[in-house]
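Peer 1: Given next are the chains, with one letter for each unit.
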Amino acid sequence: MMELGQHHVPDANPARDEIRDVKGGLRPANALIASEVTFAYGSGPSVVKNISLTVPPGAAIGIVGESGSGKTTLASLLIGMLKPTTGTVTVQGRPWDTVGRRDPLRRAVQMVFQNPYTALNPRLTALDTVAEVYQHARGAKKAESFERARDLLNRVGLNGVALDKRPGDLSGGQCQRVGIARALAVEPSVIVADEPTSALDVSVQAQILNLLSDLRREQGIGLVLISHDLNVVSYLTDTAIVLERGQVVEQGDTTTLLQSPTHPYTQRLIASIL
Amino acid sequence: MAVVVAEVPGSVSVRARARSHPLELRIGIGLISAVVLACLLIPMVNSTDPNALVGLPLQPPSAEHLFGTDSLGRDVFIRVFHAGRVDIALAALGVIVPLVGGTVIGTVIGASRSRIVDAVAMRVTDGVIAFPFVVLTLVIVLVLGTDIQIPPLPAGSPAILAAVWLVNWTIYARLARARTHVLRQEDFIAATRLLGFSQIRIVARHLLPSVWPTTATYAVADALLLISLIAAMPFLGAGIQPPTPEWGSIMYDGRGVLAQAWWISLTTAGVVLVLGVGVMMVVDSLVSAPRRARLL
Amino acid sequence: MTHPLLQASNVAIEIDGRELVSGINLTVEKGQALGIVGETGSGKSLTCRAFSGSLASIGGHVSRGTLTLAGKDIAKPGAHANLYGRSVSLVPQNSLSALNPLMRIGSHLTETIKALDADLGLGPKKRAAQLLERVGLHDPERILRQYPHQLSGGMRQRIMIALAIAGRPELLIADEPTTALDVSVQKEIIELLVRLTHEENMAMILVSHDLGVVSAATHSVAVMYSGMIVEHGPTDTVLQNPRHPYTKALLSARPVMGHTGRLVGIPGAPASPDAWPKGCRFAPRCRYAQSACNDAVPVPVSINEEQLVACRRVHELATLNGAEVR
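Order-wise, the sequence lines are chains R, V and S. Counting in the working numbering, the first sequence runs from 6 upward without gaps. Counting in the working numbering, the second sequence runs from 570 upward without gaps. Counting in the working numbering, the third sequence runs from 257 upward without gaps.
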């Protein structure tokens with residue numbers, strides 16, 4: 006089986022470990038790597054079995070699976086919220102358990118959540134939510150934080166009075182934009198999006214998918230998209246892996262995978278699309 | 570798929586619940602305000618000394634003495650509302666300190682990922698809660714004695730406050746910890762961790778604001794329980810010392826002459842009842858789930 | 257032409273004095289499936305509730321128009337008293353909250369069967385097992401003894417369907433029956449519903465936001481927006497040749513495997529009922545809107561006697577489209 010991103014990985018030569026991203030800044034060759042990761046809750050059965058995944062800078066990778074496939078657990082492992090039972094997840098060369106709570110590297114991987122409402126503090130306005138990030142994670146002064154937050158929110162499509170509203174008074178699509186802005190405020194290398202549009206109406210989904218696609222193109226941010234919706238995965242990602250019961254059953258270029266799947270599970274998934 | 574905003578009690582904001590029972594909330598607040606205002610204003614307007622002998626003992630309610638007179642000839646009406654000041658002030662003080670202290674401690678413990686901190690805290694609170702609350706408070710009151718006086722508080726009250734503070738914070742800490750454990754699972758808390766916020770910021774800005782409604786709602790009911798506790802103490806020889814009027818001691822005195830002078834105990838009980846019903850209505854409207862389901 | 261089973265003429269629904277759904281004209285015949293498509297705020301769930309008789313519990317009522325089921329007037333409150341389960345029943349969206357977690361599946365079924373007096377002479381337990389087989393659950397004896405949380409989402413949904421058909425209703429309403437289910441299970445549930453409506457000669461109304469589901473399972477479809485039907489016609493016609501700007505936009509907004517090219521979202525968001533404009537409710541977001549669109553709510557226009565479109569520019573736009581890039 007082809008290892009994802011294999012053609013991007015140079016041999017482990019420090020001189021070649023940095024490549025230029027779209028803006029000309031330097032980033033380590035492999036932003037996020039999972040190596041033979043296995044995870045089980047307590048003494049229970051493994052939910053994620055021996056998964057390896059490489060997210061090179063600027064890549065867009067899809068993780069496809071149904072419920073029970075382990076995709077959400079894999080997402081939590083990738084963002085460093087769960088510690089693998091065996092194997093490691095490294096970000097820019099360092100394993101997550103060496104990255105402290107206040108370490109700047111902690112911010113390199115951010116998440117966009119499925120439920121746009123519970124992803125936000127219900128008591129903070131959109132502006133407050135994003136300004137707080139500038140003030141407390143980026144160390145900016147208060148006035149500057151609010152200014153930059155306003156700019157960023159405008160850029161993700163939230164304007165005017167909506168900025169001063171709390172999640173309860175915003176639509177699902179608007180909340181999701183706030184969540185995306187919050188993630189962008191720390192200038193991450195990778196965004197892990199766990200079913201970012203499955204709770205949204207179709208017309209709103211299109212707006213958010215376009216936003217994610219644009220951000221990727223403009224800022225070279227890597228994207229790991231977890232979705233059960235093959236149409237969404239096909240729109241946003243270049244490569245994809247298919248999970249069944251915690252294991253990778255197929256992986257490769259998204260278009261090829263969906264047009265000519267080789268594994269029976271993938272074939273079944275595609276055949277089920279109405 | 571359209572988002573279904575789950576109408577499960579607990580996931581609905583207190584404000585939303587209050588909005589759906591406006592009449593109950595308003596009546597409750599009205600009743601509480603009526604009693605509190607009466608306790609504030611009546612003694613200001615009517616300068617009769619609550620301990621003065623203003624008439625013949627055991628007189629039934631009349632135009633001059635609205636609640637009659639007690640066994641010493643003191644005006645019961647004036648005594649009841651002076652007593653209200655004492656009881657309500659003590660209940661408020663007795664609740665606020667444990668509320669604030671307990672909530673903060675409980676939230677910090679709930680947010681901590683250290684198993685040791687959690688275990689120690691739990692054993693401490695378990696130990697306190699394991700004792701029957703009333704017995705523990707009484708023991709502390711009796712040990713500290715009724716002599717300690719800190720003006721302007723009446724004699725006997727510092728002991729009660731100390732006892733209540735020592736014991737009651739644990740309940741709030743428990744509530745806050747439980748609520749924090751639930752909140753910790755929320756995506757927005759995970760986001761604060763991803764963003765690298767400090768623990769202090771997460772507790773103060775993201776957890777506490779959502780924990781207060783739970784503990785504050787309990788505090789309102791707790792205040793009522795506290796009034797009952799303070800009122801019960803004279804029956805056991807502890808608590809606020811005479812001649813300071815206090816609801817419990819007025820009712821206790823009235824017990825002895827219940828057959829001849831029912832008005833002493835019953836008018837006092839009536840005022841306490843109005844306050845109690847008001848509190849219950851407020852708590853009820855803040856706790857019950859909204860009546861209507863949200864439409865898609 | 258057979259007499260339609262369900263007939264709605266100019267039905268409007270009010271809650272707390274606000275008219276949230278207007279001008280519903282729909283008919284459903286036995287053996288036919290009607291799809292109702294709409295996003296949040298479209299009024300599709302309220303419309304379902306009017307048909308299944310559950311408006312009263314949310315404080316709503318049918319304020320105008322006529323609504324009949326098998327000839328009986330079901331617009332007035334209380335009309336559904338003896339009809340629910342026997343003439344019409346509902347498969348709700350969320351099976352987990354619709355089932356009592358403390359009651360075994362068997363009890364759910366036998367309770368319903370007894371209430372509807374629908375054991376068909378077999379006795380409630382046997383009829384319950386029969387129903388489970390009918391919805392494709394084998395090993396019914398074991399399932400009858402289990403509790404809801406012990407079953408998968410797909411199995412629970414099949415049980416909701418079993419409960420709904422226990423009384424052999426003439427009309428089955430399925431409100432987003434496959435939301436929250438895995439893709440492969442979705443297909444099975446939809447196929448089950450189609451099979452049942454065919455075998456039992458029931459009429460079905462299928463409410464969904466998912467156009468794929470609607471295209472696989474329905475004969476005709478009504479597209480709703482802000483409380484009104486904006487387009488109505490045979491499913492294949494509407495989905496392949498949509499005439500209303502909203503329907504067109506909705507179809508362009510979905511990502512489809514194999515199609516590259518940017519998705520076109522619909523700018524803005526639906527207005528809340530308090531802010532509904534006097535004229536066409538979609539006009540504020542419509543790329544073809546003109547000032548005249550704001551004067552009055554568009555009257556549905558008939559195309560080829562089978563498609564109804566509530567857009568005053570529908571004929572104009574048909575000729576324009578030839579030159580437009582989709």
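Please note that the accuracy of each hint is not assured.
As the list claims (entries may be wrong) - Per label pair, the in silico range of CB-to-CB distance:
1. D219(R) - D492(S): 46 to 54 Å
2. G696(V) - N159(R): 50 to 58 Å
3. D687(V) - N356(S): 32 to 40 Å
4. S48(R) - H405(S): 16 to 24 Å
5. P269(R) - H515(S): 52 to 60 Å
6. R518(S) - S48(R): 14 to 22 Å
7. R762(V) - S48(R): 36 to 44 Å
8. D687(V) - A45(R): 17 to 25 Å
9. D687(V) - D219(R): 41 to 49 Å
10. H515(S) - M691(V): 35 to 43 Å
11. M849(V) - N356(S): 49 to 57 Å
12. S363(S) - D687(V): 39 to 47 Å
13. I314(S) - M849(V): 44 to 52 Å
14. S547(S) - K146(R): 43 to 51 Å
Keep in mind the hints are simulated off the structure, nothing from the lab. Note that CB positions come from ideal geometry on N, CA and C, so glycine has one too.
Peer 1: Each hint: holds or not?
Peer 2: Structure-based check of all given hints:
1. Remark: the range hint 46 to 54 Å for D219(R) to D492(S) is contradicted by a beta-carbon distance near 34 Å.
2. Separated by about 55 Å at the C-beta atoms, G696(V) and N159(R) satisfy the suggested range of 50 to 58 Å.
3. Hint check: D687(V) to N356(S), Cβ distance near 35 Å, so the stated range 32 to 40 Å holds.
4. Hint check: S48(R) to H405(S), Cβ distance near 22 Å, so the stated range 16 to 24 Å holds.
5. As the Cβ distance of P269(R) to H515(S) is approximately 25 Å, the hint placing it in 52 to 60 Å is violated.
6. Taken as a hint, the range 14 to 22 Å is violated for the pair R518(S) and S48(R), whose Cβ atoms sit roughly 49 Å apart.
7. For the pair R762(V) and S48(R), the supplied restraint of 36 to 44 Å is violated, since their beta-carbon distance comes to about 26 Å.
8. At roughly 23 Å, the beta-carbon separation of D687(V) and A45(R) lies within the given 17 to 25 Å, and the hint holds.
9. Restraint check, D687(V) to D219(R): a C-beta distance of roughly 45 Å satisfies the suggested window 41 to 49 Å.
10. A hinted range of 35 to 43 Å for the beta carbons of H515(S) and M691(V) is inconsistent with their spacing of about 57 Å.
11. Roughly 30 Å separates the CB atoms of M849(V) and N356(S), a value that falls outside the hinted 49 to 57 Å.
12. For S363(S) paired with D687(V), a C-beta distance near 41 Å keeps the hint of 39 to 47 Å intact.
13. Between I314(S) and M849(V), the C-beta spacing of about 28 Å breaks the proposed range 44 to 52 Å.
14. Between S547(S) and K146(R) the C-beta distance comes to about 48 Å, which sits within the given range of 43 to 51 Å.
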